[in-house]
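Let the hints inform the model, and build the full structure from the sequences given.
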Amino acid sequence: MTNALMSAGLLLCAKIPIPLTGLTNRLAELLSLPPNSVQNAFWTIAVGAVCAVCCAVAGCFLVLRKMSLLGDALSHSVLAGTAGVYLLTGQVSPLPMLIGALVAGLLTAVLTQFVHERADVPEDSSIGIVFTSLFAFGVVVVSQAKGVHLDLDCVLFGDLALAGVNLNPMGGYLWPAAFRTLIPALVITLAFLAVFWKELKLSSFDPVFATTVGISAGLMHYLLTTVVALVTISAMEVVGLLVVALLIVPASIARLLTDKLSTMLWLASAVGVACTTSGYLLALWLESSAAGMTAVMSGLLLAVAIVLSPHEGLLVRAARTVRLRVRICAEDVLAGLFRQQERSSTPAQPVQSSRTECLKLAGGGLLAAPALRWLQSSRLLTGTREDVRLTTQGTRYARSLIRSHRLWESYLLENFNLPADHLHDPAEAMEHYIGPEMQERLRDELSQPAEDPHGRSIPD
Amino acid sequence: MTAAILDIHDMTVAYDRRPVLWNIDYTISEPGLTAIVGPNGAGKSTMIRSVMGLVPMVSGEVTAWGQPAGSQLDRISYVPQRGSVDWDFPISVFETVLMGTYGALGWFRRPGRKQKALAAECLERVGMQDFAQRQIGRLSGGQQQRVFLARALAQQADLYFMDEPMAGVDAATERIVFDLLRSLSEEGRTIVVVHHDLRTVAEYFDNVVLLNVRVVASGPVATTFTSDNLQATYGGRLTVLDQMAEAVQKQKETT
Numbered sequence: 001m002t003n004a005l006m007s008a009g010l011l012l013c014a015k016i017p018i019p020l021t022g023l024t025n026r027l028a029e030l031l032s033l034p035p036n037s038v039q040n041a042f043w044t045i046a047v048g049a050v051c052a053v054c055c056a057v058a059g060c061f062l063v064l065r066k067m068s069l070l071g072d073a074l075s076h077s078v079l080a081g082t083a084g085v086y087l088l089t090g091q092v093s094p095l096p097m098l099i100g101a102l103v104a105g106l107l108t109a110v111l112t113q114f115v116h117e118r119a120d121v122p123e124d125s126s127i128g129i130v131f132t133s134l135f136a137f138g139v140v141v142v143s144q145a146k147g148v149h150l151d152l153d154c155v156l157f158g159d160l161a162l163a164g165v166n167l168n169p170m171g172g173y174l175w176p177a178a179f180r181t182l183i184p185a186l187v188i189t190l191a192f193l194a195v196f197w198k199e200l201k202l203s204s205f206d207p208v209f210a211t212t213v214g215i216s217a218g219l220m221h222y223l224l225t226t227v228v229a230l231v232t233i234s235a236m237e238v239v240g241l242l243v244v245a246l247l248i249v250p251a252s253i254a255r256l257l258t259d260k261l262s263t264m265l266w267l268a269s270a271v272g273v274a275c276t277t278s279g280y281l282l283a284l285w286l287e288s289s290a291a292g293m294t295a296v297m298s299g300l301l302l303a304v305a306i307v308l309s310p311h312e313g314l315l316v317r318a319a320r321t322v323r324l325r326v327r328i329c330a331e332d333v334l335a336g337l338f339r340q341q342e343r344s345s346t347p348a349q350p351v352q353s354s355r356t357e358c359l360k361l362a363g364g365g366l367l368a369a370p371a372l373r374w375l376q377s378s379r380l381l382t383g384t385r386e387d388v389r390l391t392t393q394g395t396r397y398a399r400s401l402i403r404s405h406r407l408w409e410s411y412l413l414e415n416f417n418l419p420a421d422h423l424h425d426p427a428e429a430m431e432h433y434i435g436p437e438m439q440e441r442l443r444d445e446l447s448q449p450a451e452d453p454h455g456r457s458i459p460d
Numbered sequence: 461m462t463a464a465i466l467d468i469h470d471m472t473v474a475y476d477r478r479p480v481l482w483n484i485d486y487t488i489s490e491p492g493l494t495a496i497v498g499p500n501g502a503g504k505s506t507m508i509r510s511v512m513g514l515v516p517m518v519s520g521e522v523t524a525w526g527q528p529a530g531s532q533l534d535r536i537s538y539v540p541q542r543g544s545v546d547w548d549f550p551i552s553v554f555e556t557v558l559m560g561t562y563g564a565l566g567w568f569r570r571p572g573r574k575q576k577a578l579a580a581e582c583l584e585r586v587g588m589q590d591f592a593q594r595q596i597g598r599l600s601g602g603q604q605q606r607v608f609l610a611r612a613l614a615q616q617a618d619l620y621f622m623d624e625p626m627a628g629v630d631a632a633t634e635r636i637v638f639d640l641l642r643s644l645s646e647e648g649r650t651i652v653v654v655h656h657d658l659r660t661v662a663e664y665f666d667n668v669v670l671l672n673v674r675v676v677a678s679g680p681v682a683t684t685f686t687s688d689n690l691q692a693t694y695g696g697r698l699t700v701l702d703q704m705a706e707a708v709q710k711q712k713e714t715t
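Going line by line, the protein sequences match chains A and B.
When the letters of the first sequence are read in order and numbered with my numbering, they come out as residues 1 to 460.
When the letters of the second sequence are read in order and numbered with my numbering, they come out as residues 461 to 715.
Since the hints were made in silico from the structure, they are not lab data.
Please read these numbers as outputs of a predicted model, since none were measured by experiment.
When the alpha-carbon atoms are kept at most 16 Å apart in a straight line, the in silico EDC-like pairs for lysine to aspartate or glutamate are as follows:
{"#": "1", "chain 1": "A", "residue 1": "Lys66", "chain 2": "B", "residue 2": "Asp546"}
{"#": "2", "chain 1": "A", "residue 1": "Lys260", "chain 2": "B", "residue 2": "Asp548"}
{"#": "3", "chain 1": "A", "residue 1": "Lys66", "chain 2": "B", "residue 2": "Asp548"}
{"#": "4", "chain 1": "A", "residue 1": "Lys260", "chain 2": "B", "residue 2": "Asp546"}
{"#": "5", "chain 1": "A", "residue 1": "Lys360", "chain 2": "A", "residue 2": "Asp332"}
Just some of the chain B residues that point at chain A, by a computed CB distance under 7 Å:
{"#": "6", "residue": "Met512"}
{"#": "7", "residue": "Leu533"}
{"#": "8", "residue": "Tyr538"}
{"#": "9", "residue": "Met559"}
{"#": "10", "residue": "Tyr562"}
{"#": "11", "residue": "Gly563"}
{"#": "12", "residue": "Gln595"}
For each residue, glycine too, the CB sits at the ideal point set by N, CA and C.
Take a look at the structure:
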């Protein structure tokens, strides 16, 4: 079938020109590949990109409004719409099929609300009930259809790999056939965004408030659903049921990477294009399904985003934890040296210690050495291997820590009914988080702020 | 005689056919600060939500300045509970406040320089100008509440309904919020607040509505906020009303 289509494409080529042939030919020369396959790849990637952008933009709002399941539902009910039109008209022609699919999509949205409200079923279950029923209806009709070619595989997986080969004449040029629905879908999506940007933002963020200022959240919901249905149907020709991945995943990735709505839309589009392009090229290389590879790529990119996200990413969080733990180790060293100094015969002089001992004070773990390095680089500790001392600055820092520790012990003794030997450990944990402001508050709360429960003075 | 600012007449509200507010009658004729106070489940939020048309009434009517309240929404502002929105939504503090101007703009018109200046001014009034570009989720509870208030200010309404603006707010924010409400009221605006902290009612409010599925008492704080009235409000629900509500629900289900 591929060969037949290719040769049909070649035949047509001879008569009607394909746009940008010069560009693709030069690309082919550069990569020293056959011009024909470069041209096919180019237009496939173009179709994938348009498809990805539509889906990503619409998907951002699905994700933000927590309506992700709707994309799933719409894509499944499309089959029912197509089947319904076939039952009614007995034939398969593109425009009625498109209308049927759109009607089925809207029917899904309305039925979902209806079942949810009237039958008192939770909304997610209601979506599940409606779309599986509609999908099943579609499957039954399609499998019964004799004599007419209704390709189930095409609905399920799309034909991204052939999108650049399957060409149609339009305006004197040969364009990818998928453009016939994808370009209008893109234009409508972008126009919808441009016209309703303010309303969309408001009703997505705070639908109740939107309604009280006269911008109906319900109307916006149905408008958005219509646009999503249109996008889903157009994109399904290319990527099949895996359209759900293109709707939800790039938007989720973009959300992880930014805190700004407009940036999120751009990023999601870029990520979507990256998914379809890399998915198609990988599928070519591995001789696998292009739509499948696209979905796999989106999953991989999501994993990368989870690790790299600037605010809550695993990497940032790990770095934050390590930094905190290094600081805690370092502070343990400072406090330990200060206590030794207090107990020594010359409490006014910084006590002499060694690197080995300091490492022990820092807990001796993996973070002990970095903690000491940090102390020396911030000039809190000074000296050589065998003679390590607190600097003036370090002594001040340590005194404040001890103050926090003893204030907390006193506070615990006054307000918690704890035995005296249970005070040290909690204070050891809390001392790292008590700043000057909290010290003031604690002192004000205490009846005897000069001594800790063990009779040691609380330093200023 | 000029029409009352707000007149709630015989308002009854039901959820799922079961009445939750009975025959509410309440009139505000003078600008000022009013607290709606009552136990959990008394219908405090429901009362202001149904005035805003967010919950349908079974019977009764609500007028503002002599007109149906629904036709006066451009002069009325509603501040929902802080927990009612998704604070992870990717918008900044400034954009959120700017949304206060959307009602006056109506459909399609975009906020311009005038609206942005207004939003900046409102942000300054709640002391949040330094956070303008911050994503709203990266704020403390008190700061989020102030953003909501700034958005309400940007609506430039004459009548404000606020649902628990003090819930989960630190003492400093509570002070700021009340100073703000006081100054709004001095500008001749009317503010109705669902309030949960009985200790501060006398200090902050002019009028009080004591609510427990019905209006137990309403009027100036000095004469209404008495221990007898509080006893009547918090001393358990009226069991007859509960049984009646059940009877209504059953009746409607069987016929």
